Every structure is written in C-alpha cells, then in structure tokens.
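Engineer: Sequence:
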Amino acid sequence: MNGGWAPHVHFRLWLSTEGIEADWPGVGDPDEMYLWRALCPNPAALLNLADDKCRYTPTNKDEIRQGRRDHFGGNLSLTYADPVMLLRGWKHHLFDEWGRPYLDAYNNVPHVGHAHPRIQAVAADQLKRMNSNTRYLHPAQTAFANKILSKMPDHLQVCFLVNSGSEANELALRLARAHTGAKGVVTPNHGYHGNTTGAIDVSAYKFNARGGIGKSDWVELVAVADDYRGSFKRDDPDRAQKFADLADPAIAALQARGHGLAGFIAETFPSVGGQIIPPKGYLAAVYQKIRAAGGICIADEVQTGLGRLGDYYFGFEHQEASPDIVVLGKPIGNGHPIGVLVTTRAIADSFAKGPECFSTFGGSTLSCRIGKEVLDIVDDEGLQQNARLMGAALIAGLKALEHKHPCVGDIRGMGLFLGLELIETDGSEATGLCSYVKNRMRDHRILIGSEGPRDNILKIRPPLTIDAEGVEMILTTLDGILSEVAGRSGR
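For what it's worth, the numbering used here labels the leading residue of the sequence shown as 1, then goes sequentially.
Please note that a few of the clues may not be correct.
Below are the EDC-like pairs computed for lysine to aspartate or glutamate, each with C-alpha atoms no more than 16 Å apart in a straight line [unchecked claim]: (1) 147 to 376; (2) 404 to 424; (3) 404 to 484; (4) 280 to 311; (5) 280 to 236; (6) 280 to 317; (7) 61 to 96.
Think of the hints as simulated: they come from the structure by calculation, not from any bench.
Please read these numbers as outputs of a predicted model, since none were measured by experiment.
Please put together the full structure from these sequences, using the hints given.
Structural biologist: Written out as structure tokens, the structure is:
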C-alpha cells in the first residue's frame, strides 16, 4: 500500500495535455480518469495535488456513521442512500477518505471554490494577529461594509453583520416590525429562510413539513410564482401580474386579524421551492402592493446573490425590483459562518430606537476579512462571468437532454442556479425517479441535490469555479443515467 491507498485501486492516467503517460492510483473507470484529468492538467500539479489532498489513511466510514447515530439527533439527515465521507476539497472537487475525487455540483457555500488559497492566507494572517468584535474599531469592518455596499443599490446604506443567513433573516423580521409597528408577514409557500424560531415561522418548507408546527396566525402564504406547475403558465403574458395579485387577499387577511403588515419576505428565486425563476416583473409588482399597505420588502439572496446568476449580481436585479432589506448568508464566507443584512438608513434608525443590537462573532475581524476577500475573489477571478458562461453551456446541454428524454419535464435557472424537473409519463412529479438519478450521479461521483415540494427537481448549484470539463462531465453522465432509466422502464 502506497500512502494509504488500497493496492487494488490502480490505473494508468494519460496526461494528454503533456503528451505523456503517468502511473497513478485510483479507481480504474472512465469517470475517475475524467476527474483526475480535469484536476491535474500537468504532472507537477498532479503530484502537488496528490500530496496535499489525496493521500490518506482511510477512515472507517461505518464507525463514523455509528458515532453520528450515537451522539447526534435522529432528524439530522444525510444526503444519498450511500452517504459520502469527504475530507478534502479543491475548487469544485471533493475527495473522500480514500482520496477519490468527486465533482461538486451541489454546494453553494464554497462560492469561490473549496480551499481557496487566498482565503486560507487571510484567515491565517488575521488569526495570528487577533480576532475580536464590533465593540472595538477595526478597519476590516468598514472595508467589508464598503465592499458590500458597492454592489448594492444606492438607497441601501447600512450593514448589520451576523453569523448566518438564519440570523440575518431573524433580524430582518425585527427591523420590519420596528419600522412598521406591525407583525404580519406575507411569504411564498414552501420557502425557507433558516433554522431559528422566527425564521422557521416564515418558512413553510419547515413549518408545514411532517412534524412541523404549522402556520402561525400572523403569517399568510402565497403561491410560488412557478409558471411551469403553477396556476398561470408561460403562455400567459400576464402571469407575473396574476401571481403578484395573489398578495392582495393575503394582506387583507392579516389586516382583518389585526396583525397589520410588517412585510414580505421571499427567496428572490425560490430554491427549495424548486429552483424557480419567477416571470420577470413579478417581484416588483408584489413590492408595490406591500409598500402600498405599509410593509417592508425583504429579499433573501442567500442562494442567488454574489454573481451566481451570471448576468446579475443579485436576483432582484433580474426582477427590476428594489428591496428595503437584502439578506446574504453562507456563500459570502465561503464556508466561514457569516451573514449580512443590508438596509436603508430610515429602517436602521427605527430599529436603533430599541435595545442594543450586538452579535458576539458577527462582524468579527476574522469574518470581515474573509467576507471581503470572497467578494474580491469573485471580481478578480471573473467568477460572475464564469457563472454566466458555464451556466449557458449547462442550460444548452440540459435543454438537449429535455428534448431527448421524455422524463425531463422542464429545465429552469440562470447562471449556476439550475433545476431539472423530472416527471412521470402522465406529467406528474417523478419523486422516486429523481432520488434514483441523484444517487446514480453520486455513484459516478458527481454530487447534485434535489428540491421542490415533491422532491422531483434535480438541483445543480456548483461552486463558481466549475469549468467546461466539469460541465461536460455532468451532461454526459446525466445523459447516460437518463438513458439507463429509459431502458429499464421502457419509456
């Protein structure tokens, strides 16, 4: 055994870009070769990567899983029928306990890629100096705020720095209530805004789930603006306004029950709702109704912000909407726990009339430096443009699969925020098929997720570093698995 590699997993990897042949341990199949060649375009890189990422003494996965059962809650889920244990990462690749590579087309948290050296350097530098909080002055805090605000509309001028998107959404509810004096909230069905008590109260994905607490009296749900499965389809030119009009009875219901309207909170593009892109103009029309009733408009951009959409830095730009509060979460820290709320001076001033707002680690010197570095990397490395280009290639390839495979009902998304809806022959949601395809992709060591009210939508949401070879691998492998499904089912 060489450096912890099992002796039976060995193959000869052709490094075509160098015109030479090299021995390298790994699983001898085409997917393995594809991944290694994508990772290692030259022999030096191959050796450096192997030393850093891929040589381990394998860890017993069964023991780790049993320890998890023994010491963690039973409702802490694992992805995939055969869970993966991942110990290292690099850009849009992950490595398991044997050093085997996986293509990560699932995780939006490592926004600029796993193990980015610039983030490592910034974190190490700041930890060598000190790490403190916003009770003390530090230039990193204002530098981070200035960078965030440079990406925002001019009317958004005040930043609140916290530890997560959940905390930021909880804070957004408090700001809206402080400014309006009302409590009621309108929000789309099957939305998700975090795991705090207040965030769950406005997250139908959680409170309507099995064992959930149900809807609070001060919450009103409206249908997601899904023009594929919703009440108003893509052939209806007025669908954006018709979806927006559903807010009227929701507002009226809150007012009738005496709650008033504090605001409207929505994922700009609903993610757990199924990677939905609302018809253009929908959000602006809803915001107009909310403001007319005295409410605050909150845009949850945790999933869609920071250049992921390619053509737009934020989803609300696509919708030509102007939020009063924008919430940012996990991607801005690239794995470090950060959340940010950005709002207007007037709303911040209303909130300042109440108790002190302080988060021990929100706005720490370490967090501020990491957050700014992530935003700088997106700019410096052209990752928004890469999201646009790679997203366009993915969408084109997925559209081709839609025409080829009857089980593909819809392709939706923008940039590297993509969904593929799988259907049965009668057009209904193919939940079981989606689970099968997701797990078969994992067998080929490509990680994707699934979403939607019926969990029948494949979610493709890789780090913004994904390249053309990764895109080709996703499309080729998915095509093969869908063909395999067709062959077995007689579709």
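Engineer: For each hint, tell me whether it holds in the structure or not.
Structural biologist: Taking the hints in turn, this is what the structure says about them:
{"no.": "1", "hint": "147 to 376", "verdict": "holds (8 Å)"}
{"no.": "2", "hint": "404 to 424", "verdict": "holds (15 Å)"}
{"no.": "3", "hint": "404 to 484", "verdict": "holds (13 Å)"}
{"no.": "4", "hint": "280 to 311", "verdict": "holds (14 Å)"}
{"no.": "5", "hint": "280 to 236", "verdict": "holds (12 Å)"}
{"no.": "6", "hint": "280 to 317", "verdict": "holds (10 Å)"}
{"no.": "7", "hint": "61 to 96", "verdict": "holds (10 Å)"}
The structure shown violates none of the earlier numbered hints.
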